[in-house]
Each structure stands twice: as C-alpha cells, then as structure tokens.
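*Asks:* Spelled out, the chains give:
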Amino acid sequence: MVEVLRGNLAQLSLLDILRMLSSGSRTGRLDVRQGVKTGEVYLQRGSIVHAATGAQMGEKGVFTLMGWLEGEFSFTPEVEAPERSIETPTEQLLLEASRQAAQWEDIKDVISSIDAVFNINPSGSTNTISLKPIEWQVLAQIDGEKSVAEIAGVLNLHEFEVARIVYSLATAGLLYEVTGVKRTFKEIVEENFFEQLTENFTEVMGPIGPVIIEDEIKMMGEARDAFPQSKAAELVERVSLEIADGAKRAEFQKKMVQVLKGS
Amino acid sequence: MKAGLQEINETTGVWGSMLCNNQGEIIENLSPPALNKPSLENISRHVVELLSGTAENLAGLKEVVFHFRDRKVLALDLKQAVLIVICTPSVDIPLLRMSVNVVLARWEDDAAVQKQLKAQFVERL
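Sequence order for the protein chains is X and E. So for the first sequence, my numbering puts the first residue at 1; every next one is plus one. So for the second sequence, my numbering puts the first residue at 1; every next one is plus one.
The following block holds chain X by itself, in its conformation from the complex:
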C-alpha cells in the first residue's frame, strides 16, 4: 500500500483535503491525528462514505474532525470502508462543512482550540441577554475546568455546536477563557474611527452618508457601539462601493486606509 498524501492541518485544512480527494474520485482512508486523538474518513470513488473519531461516527464524525485546526493527516489509497455510516451526498456534506469552516474562522478569534477552558465572567454583560435552552445547557457546564470538547462530550453535542455557543457567550461578555487564548473579547473600534468614516464619507456622498453607514453596519449584523476592529476595513470597503465616481472612491479609500493603518 502506498501513502500518497501526508501533511499538516495547519497548512491544509481537512475541508480542502476532502474537496481535493473527492474531486479526484479517490478511494481510500484519510487518517487524522491531533495529539492523542485520532479519526478517519473513508472515501469511495470520491464519495465520503464513513467517518469515525472516538465515539462519534458518520456525519457527526466528519464535522468534529473539521474542527481540528491543527494536527497531521495521511491518505492511504485503495482502502475499503469497514462500513457505511454516511448517506448524505458528498457535495451537500462539503457545502455544510464549508459553511461551518467559515464560522470556525470567526470562532478561532475567541476560542484558541476545542481544548480551551472557559469560566463565567463575574462582571457579566451590561446588556440583557436571552438564552436558548441549548445555550443554557452549555453555560451550565462552564466551570473553569471542562474544555469545549469535554462539554460537547458531556452533553453529547457536536464540538462545533458547543464552540459556536461558547463563542457567542464569550463575545457577549459572559465568559472568559481560562487558558491559552490571548484575547477573549472582540477588539472594538474606537469611536474616532466612526467620526472619521462619517466625515470623509459625508464629504463625498452628502447628508445621506451617515444613513448608508448605519445601513451597512446593520447588514453586517453588527452594532456601532460594539463594532469589531477585524471588520473595520470591510465596512469601509462596503460603503466605498456606494461611491459611483472611481476617482472619488479612490480618494475616499486613500483617506480611510490611512485611518485604518493608524497614520
């Protein structure tokens, strides 16, 4: 048996690997290892037919493995699956995985890994927060000792689902990470940014400028008083696309790039 593909998940995500193997109509076993944890995904002529990691099998297993952002993988061709635990068409499975991967990118900003441990923030949030039953179940497990992965195990939930809930609770100010992560809360843009954005944009667009900015903030699903720094450039770019004149748009972008770069 020849091993044809081997690498690190930090450089090539599991989603990319599966896309590649699927589009190449490959048959074989993809072994994934993160520390002491292992998992495997079987493909048959490009279709994902079986996956397993720990006690999780099938689609749940695939999505859990997708959450492994670090670790090693190797693909051994021509290995038949011992059983079939996945019936969902691979294209649909990868589409869902792709959606989750995009959410993981945001989650990674707050949760360093699924082994991260969180505790309840004693000062809580300044806003009124309503929780869904599943969010309450996760919050009730937060004790400063159990990791995200362990909570998923206790509640028999998918790790991604728990990570997503922990992410929303942490960004709402209810939780802080006990180990590992450098920053738990989103970095928020300074009010000065909005003053300069409004001033420069109004100069080009007139009195409608501030209205467009507020609309774009809403469309991005954010609020002005808690707007994340990581999305500041995206907001500027979005509003700049409302400027029809190319030269004026470039001039506005020039001013705002200087603001964003802090010069």
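One thing to keep in mind: the hints can contain errors.
Stated by the list, open to error - Here chain E is said to cover these stretches of chain X; the calculated rule only asks that three of the stretch's residues, wherever they fall, bring their Cβ under 8 Å from a Cβ of chain E:
id, stretch
1, 223-236
2, 244-250
3, 253-259
Rather than coming from a laboratory, the hints here were simulated on the basis of the structure. Treat the numbers as computed from the prediction; the structure is a model and nothing was measured. Cβ atoms here follow ideal geometry from the backbone N, Cα and C, with glycine treated the same way.
Assemble chain E onto chain X, guided by the hints.
*Replies:* Relative to the frame of chain X, chain E by itself:
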C-alpha cells in the same frame, strides 16, 4: 512602480508583491529574498493560468484570491499586466484591496507607469 509595490507591501500581513506580464514573466518584483525567482515565476504562471481559465467562464472577473501553499495570494488582472500580492493567511483582504486600489488609481494617472506597462504588454497565452 516600485514605490507603489512598496506601499502595498506596507499593509499588515503582506509578504511581497510583484507585477508580471500576461505570460507570467516578472516585470517588477518587491518580495523577500526567501521567495526566489523560480518560486515567484511558479506563482505568476499559476495566476496567469487561473485568470485565463476564469476569463472564459466568468467574463469581467479581474480579481482572484486563493491559497498557495501556506500563503494567501491576491491577484488582479490589470489587462496590460497582472499584479500579484503574496500574504500571510490572516491578511485583512478588504484593507489590502483598498490599499491596492489607491496605488492603482495613482498608476492610472502616472504617464511613466503607463508607458512602462505598455512596453511590457504581451498577449495572454
């Protein structure tokens, strides 16, 4: 032209940038020495192939963002040439895109740059 590339390179997360002609040959390059000429030409040919391929399917597409090994690459089709920016995966793409737009807007009005680009023009493969 080099000053424009230098300005792009000052964006956080940018590793290096270069301009290549429509056949992937490098016209101007401001990338760190770690990226040797064969590596850069490998990237530029890949980009030109990509833009040629997509041009048939997605008329009007002038920008491509993709992963190349452990780097993120932003490529812009300038018609006369192709601008390639090599970045770390965490680069802020909207900020980079605007920084590039600022430079491109200046190049459009710069007769010397336009002359240089015209001189380097070759048909796409």
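*Asks:* Could you run down the list of hints and mark each one as holding or not?
*Replies:* Hint-by-hint comparison with the structure:
no.	hint	result
1	223-236	holds (count 4)
2	244-250	holds (count 4)
3	253-259	holds (count 4)
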